[in-house]
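*Asks:* The residues making up each chain are set out below.
There are 2 protein chains.
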Amino acid sequence: MSTAPACLSHSRVTITPALRAAVDRLDHRTRHQAAYHFGWITAGGAPTSADSGKAVRPALALLSAEAAGAPPEVALPGAVAVELVHNFSLLHDDLMDGDEERRHRRTVWKLWGPAGAILTGDALLALAQEVLLDTGLPTAAPAARLLARTTRHLIRGQVQDLAFEQRAHVTVEECIDMAAGKTGSLMSASAAIGAVLAGAPEAVVEALALYGDQVGVAFQLVDDVLGIWGDPAVTGKPVHSDLRSRKKSLPVSHALNRGGPLADELAAWFATRGEPGEEELRRVAGLIERAGGREWALAEAARRMALAEDALRGAELDAGAREELLALGRFVVDREV
Amino acid sequence: MSTAPACLSHSRVTITPALRAAVDRLDHRTRHQAAYHFGWITAGGAPTSADSGKAVRPALALLSAEAAGAPPEVALPGAVAVELVHNFSLLHDDLMDGDEERRHRRTVWKLWGPAGAILTGDALLALAQEVLLDTGLPTAAPAARLLARTTRHLIRGQVQDLAFEQRAHVTVEECIDMAAGKTGSLMSASAAIGAVLAGAPEAVVEALALYGDQVGVAFQLVDDVLGIWGDPAVTGKPVHSDLRSRKKSLPVSHALNRGGPLADELAAWFATRGEPGEEELRRVAGLIERAGGREWALAEAARRMALAEDALRGAELDAGAREELLALGRFVVDREV
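As they're listed, the protein sequences go chains A and B. Each residue of the first sequence is one higher than the one before, starting from 1 at the first, in our numbering. Each residue of the second sequence is one higher than the one before, starting from 1 at the first, in our numbering.
These aren't lab readings, by the way, just hints derived from the structure by calculation. One or more hints might be untrue.
For chains that are exact copies, the list does not tell them apart, and a pair is met inside one copy or across any two.
Subject to a maximum C-alpha distance of 25 Å in a straight line, what follows is the list of computed SDA-like cross-link-like pairs (lysine to any residue) [stated by the list, open to error]:
| no. | residue 1 | residue 2 |
| --- | --- | --- |
| 1 | Lys247 | Asp27 |
| 2 | Lys110 | Arg167 |
| 3 | Lys247 | His32 |
| 4 | Lys237 | Pro114 |
| 5 | Lys110 | Arg273 |
Based on the provided sequences and hints, a complete structural model is requested.
*Replies:* Shown next as structure tokens:
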């Protein structure tokens, strides 16, 4: 049994050749932008090995096949496909959110304009389906179907995310639903797709999907905490990035909905417009913390992780893969906070 | 045997309930924007029946099953899927091209901003795969695979289209390749997908795909002629729309590549910047015409149609459906020029 960082690193090494082969099918310009986005080349085209992201989703996909008693290779096209869908969403979200940096580098839209990010994202989404369906496996169709349905939920989550920024009031339930769409859905599909490709029984697929859903929401809770209080050197994003766009992320939503003078003061700030200064952002981050937003988000993440563990413990899974999935989930939630 | 307009109208009526049912799966906001784009509702949400487009691709898909000797119903999910992919590309292309009107109405990005067009387009692309794979048919996987590969070519065509606007020199071959990607690929998939869903022999699928490819390039040649010389009242686009963005469309490419003083004058204009006036656009349209761009494009479209006919005549197809496909192809090419 390997530790979570070793598992992530192994999954990155396992999928990269297949991911590169898939990206190689794209036209010259789209391939260039995708390869830059994945950290394989510089903007000018020189080979490099920049941060490609943690590869949590491919790791879940590979473990998912093992959990169902199949060799991890069965899940390889699924692992590549979920990574492609994840990066499709990053490319489009960075553009829509106006984020100029990701993983300490300029974003694709910032370098090549909106059309570059739109088309490269589109291409990765289509490629994900192609990679799955090219296998010719009889289980490729249900896996591709799962991925298509998941993409719909992913989009719904991003739609809510953008809409909530424009609204004065958003309930905690709405925020959780948004996180379930934006993050839970693809984590869920990742944790299930290997079992689907392995032709596992419905109960096994469902337990893995439920685990992924809960880990996904827990991941988002922690990500939202990092989006407000995270160290830019670690997150690769500007400090207080989520506050700059007045995003009603999960800790904010909790703080706003608990009532009282701190909530009122916060609500008043979220109703203002204009570019906030560093001093102001520090003050607002402090308000959210004093209103319990940070503590609640971390406790809720822990509660979700317990539900995720229950889902796995209740299903007939390979014992080693189950422990690796649990360790990976904990690693995701416990990272740098 | 029905005439082409009747065939298009029949295909629109046949697919609309299934298309609406598919769009109904989307989240509230995305569904609203998609329904507006399809001409079913006004921007405010009131039911209407605005122009939904000609539905050429669904008509090809339905005829494709019949050509392979199957009932057209077999192709219904394919017809819906190609219409969804087509509209995904329209939503994204309108944003990237800065087109403010389509079918005499404001475009989605113009009404709801870039994020609306990006997310609604993404949703339609994912939905296309979902509609196919939800059928559970054993032929759904090859049909979905065809659609995913086609989307890659579609994107390649749009990438070329945007890139060519920035380049001083583009060959006619490059322009044709761009049209084959941007228009030929999805027309080809539309003309083949019904046969794929019907489980037709490879030779039948290939003949239909070749037919669609040629009709697609012919369609694009005519569309480019309309983009320069078309009547705004008929096309629903501003007059000289393709010249405003200095698009190196097919007639332009021919005119630029034939050499001589007219080509030089044109090349000089295409190297200028800034918003051109109406007078200037009329003069440039005249230059392209005198350089033979219009005549060449229409003759090339006719030549492609002859190749399309050859492809169908050489394959074992249902005779009635073959004649309808040929009539539909001619209708597409002969429209309003």
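*Asks:* Now, for every hint given, state plainly whether the structure supports it.
*Replies:* The hints, checked one at a time:
1. With identical chains, the CA atoms of Lys247 and Asp27 are at most 25 Å apart between copies only, with a shortest distance of 20 Å across copies and 36 Å within one.
2. In the homo-oligomer, the alpha carbons of Lys110 and Arg167 lie at most 25 Å apart only across protomers (21 Å), although the nearest pairing inside one protomer, at 27 Å, exceeds that limit.
3. For the homomeric pair Lys247 and His32, the shortest alpha-carbon distance between copies (23 Å) is at most 25 Å, but the shortest distance inside one copy (32 Å) is not.
4. Taking CA atoms no more than 25 Å apart as the test, Lys237 paired with Pro114 passes in both settings, with 20 Å inside one copy and 23 Å between copies.
5. Taking the closest pair of Cα atoms, Lys110 and Arg273 come within 25 Å of each other both inside a single copy (24 Å) and across two copies (23 Å).
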